[in-house]
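Let chain S serve as the given structure and place chains X and P on it in line with the hints.
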Amino acid sequence: MEAGADLIERVRLVLGSEQVLTDPVALSTYRSDGVRRQGPLPLAVALPGDGAEVAAVVNACAAGSVRWIVRGAGTSRDGHALPVSGGLLIVLTRMRRVLSIELADDEVTVEPGVPVATLARAVAPTHRLQIDHPGTVGGAAAQGALGRQLVGLDLVQDDGALISLNPRSSGYDVVGAFGGSHGTRGIAVSVTVRAVPVS
Amino acid sequence: MTDSVTPRSATEAAAALAGAAAQRRPVRISGGATKLGWGDAVQSDALRLRTEQLNRILIHTHDPTTATLGAGTPLAHAQAQLARSGMMLAVDPQLGLGLSPAATVGGVIATADSGPLSHGYGPTRDQIIGVTLALSSGKVTQSGPRVEADRNGYDLAKLVTGSFGTLGVLLSVEVRLHPLPSQTATAFGSTDDPEVLGAAAVTLAQALSGMQAFDVAWRGGYGGLLAQFAGRDAEARAAAAVKAISAAGLAHVDSRSDDGSTWVSQRAGQRSADRAVLRVHAKRSQLGRVLRLAAHAEADVVGRAALGVSYLTLNVNRIANVRAGLPEGCSAVVLDLPQSARGAVDSWGTPEGPELQLMRQIKQSFDPAGVCNPGVFVGSI
Amino acid sequence: MSTDLTVIPRDTAIDLASGTLYADACTHCGLCLESCPTYTLWGREPDSPRGRIVQIEDAIATGGSVSAEMATHIDSCLGCMACVTACPEDVQYDELIARARVAVTRQRELTVAQRIQRGLRSQTRARSGRVRALLGTRTIPRFTAAQGAPRGRVGLLLGCTERASYPAIHLATLGVLAAEGYDVIAPTLPECCGAVDLHDGQREQGAHRAQATIDAFAAVGGVDHVVVSAGACGAAMKSYGRILDSAQARAFSALVVDIHELLAREPSRAPLGALSLRVAYQDACQLRHAQGVAEAPRGLLRRIPGLVLLELPPEAGACCGGVGTHAMTQPQAASSLGGRQARAILDTGAQVVVSGDHACLRQLSNSLKTLGHPLPVHHPVELLWRSIQAGQRV
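Protein chains in written order, with this note's numbering: chain S, 423 to 621; chain X, 3 to 383; chain P, 2 to 395.
With the rest of the complex left out, here is chain S (with noise of 0.2 Å):
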């Protein structure tokens, strides 16, 4: 599998080796999801630690025709978290910054990493997110489970470009396309939500 050994230099030159996992005894902690199932085990597992790394990432995975699957926590049960063989497994639970809180626009903006519980307080008590979710921001917004409260996006392609949504842009609604959409539209590497003002 050289195609596979070559993508895991690249991404270790990128990342770091640290945060490139490809002991399989470690590979096999990220098997699962949020329920009892077993997916195979993963060419590797990479650790971006910011949006930047995630697009470069992507970027090798492209170059290197080498299949990725993106993932956060891993509490979904719907098997959109499971990792595919010989593919390069993408978790983002090192992004775990907040990025920006404005709360005069009833807007905030997470790194998708963040868990949604963590999210929920960073808006308290003058708002509140009405979203109760075990996982990711990130992974929640994928799932569709962040409905219209998601309203903007930062947006790595297929091809490692970078995208940049919010609720003023126009075009197509990519930011509602993605809700629901489970990773195959690019990843997430920063989510604008709509908190609610508690009344």
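By construction, these hints were calculated from the structure, which means they are not laboratory data.
Incomplete in silico selection of chain S near chain X, CB under 8 Å:
(1) 527
(2) 570
(3) 579
(4) 586
(5) 588
(6) 590
(7) 591
(8) 594
(9) 595
(10) 619
(11) 621
Anything over 12 Å on all C-beta distances counts as not near chain S; from chain X, calculated:
(12) 5
(13) 60
(14) 223
(15) 370
All values derive from a computational prediction rather than experimental measurement. Glycine residues also receive a C-beta, built at the ideal position from the N, C-alpha and C atoms.
Same frame as chain S, but now just chains X and P:
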């Protein structure tokens, strides 16, 4: 060569579209013909595909909170039908210029047009549950909760709203309905300082809860905020809101329950027969700045005060200044434009970049023949 | 001496039968992830409770042996038990990790130098315990009489490190217990309850010290309770019954009670004077998650007039990093975790920090000093004692 076709069914619409695609002939999709000037121009030799026969209204007896509407149904007609069961579609744009409120359900959705109710009920896209679309391949496709999602496909119901007819011909839509409010009442206050007005909008958006509509208006150096409440206690709530509006620094504060004409005027302010209308989308906290720019440009403004959506009616030659003065990240789309200025103004103002490339990819995947309203959308899609 | 990893001697590998039973209860829901200090620090599944359970399951499926890779992830587990509190299925992670640690310790190929070092550390603790035990007996009275009519007779565990480094906690404990009407026996023995050994997977040494502790309290005669002020020691002593699996051990464990648990059961007898202090309460992981004691210490502190009790936000994490030997064996993680909690403490604007375990007091004290804000750190019982003394002066 036929100039126009008026299909009577989904099959006919799909066939007409596929036929045009085979001939590489562009198609201009139209409903009530009330917004044909919006966006950039489509070729003049395009085949006109009229949706007026796609006008069935299906009331769901098993679920009074939803209905399926033919895309060619005039929205006013649909609302009248729905009102008989005490329900409404919470989408209330100005339905046409002057005396002809001919806007169709399809046209309103395709342009994501909206009105004051978008404050209390959410934007137009939130009212759409599912869509049926004819594609230029001749296929009729459905999307929505009862249709199994294609793992690799986009959620069409989301993409079609605001797509300006560039993905296909909208045939029918399944929509969310809400109860028609029994009574309404509106509280209001005013000022001549755009920054005060903007700041008051931010404060009141959080201080006044449960408003059905929350609008801003600005005309001739003077403006105000309008807070509408609905329900049996509407009058009491509007009266109670007066205190908060005063505290927010506005003057001439009052409330009234006979508020129909106020909101007719707000909706009317979104269209213009002889000047340009610029729809500005900014952050709520930037409203003061938008109003100041509008004032300098001698523009009249109506808009959704909490949502950052403002409609500026102004002379064509002031558009560039307003666009240049807006904060970064805002969009400013030209809607109505006098005939004489058509072609001279870039309606969308969308910069080149990866976002636009993605839009082109999406267009390509649904309408590879490029016949659906070509040229009308962002980036000349 | 290298251990053949394919031959699993009884009682030294992951116990296959019980390990499977405990691991099976896990549904992989992932609700434990956010409570885990190492997961929130590194964002990696293998260093999470769910991931550690998967590794244990995988090891069991291949005969019970532990790979070097797996050992690093078992080692990184703090044993704070925050995951046990968070788990909706009541998975007994404490049982699983204890078994895994024993296996790791046994199966790891220890170099001669490492074995000597380990032995020395353990002996030093024991020796210093003996020396300090002798010294300690001069300042900590063996018997303290109840004030007023006695409502009971209790034993107090003096322990090893607490006796040597934090005698003030013991003196405060004696003062409070006496004021609340308890006769207190504080025997010199045992030297050490074995908590650190058990936490580290040193099963033989730990079991030996457990028995010695039971014997020491048996020797002093009937007590209603064995009171412990160190969260980690209390947790270990409550588990003696499970570890030694004897009637005597189970009976002993049933007597063990944390000082806050005991005091919270009754209204205060002694009047409490005012202490105008802003106090941040830090949950010692072994007290809150291993023993399940959270409300009792808070309730007691709230009885003190003028005291403002401040809570740490969940972002502070469930563990300060000072548990067991972690500060020595995983210095980077311990430093990050300690720093995180210290910052959260400073954000509350507290004047004093309290915690129910001296290991936390030491770790927090160091972490606060590193940040340039050496706030005083105390055991809650020390504030109770101060309050009682203030009440007596009035």
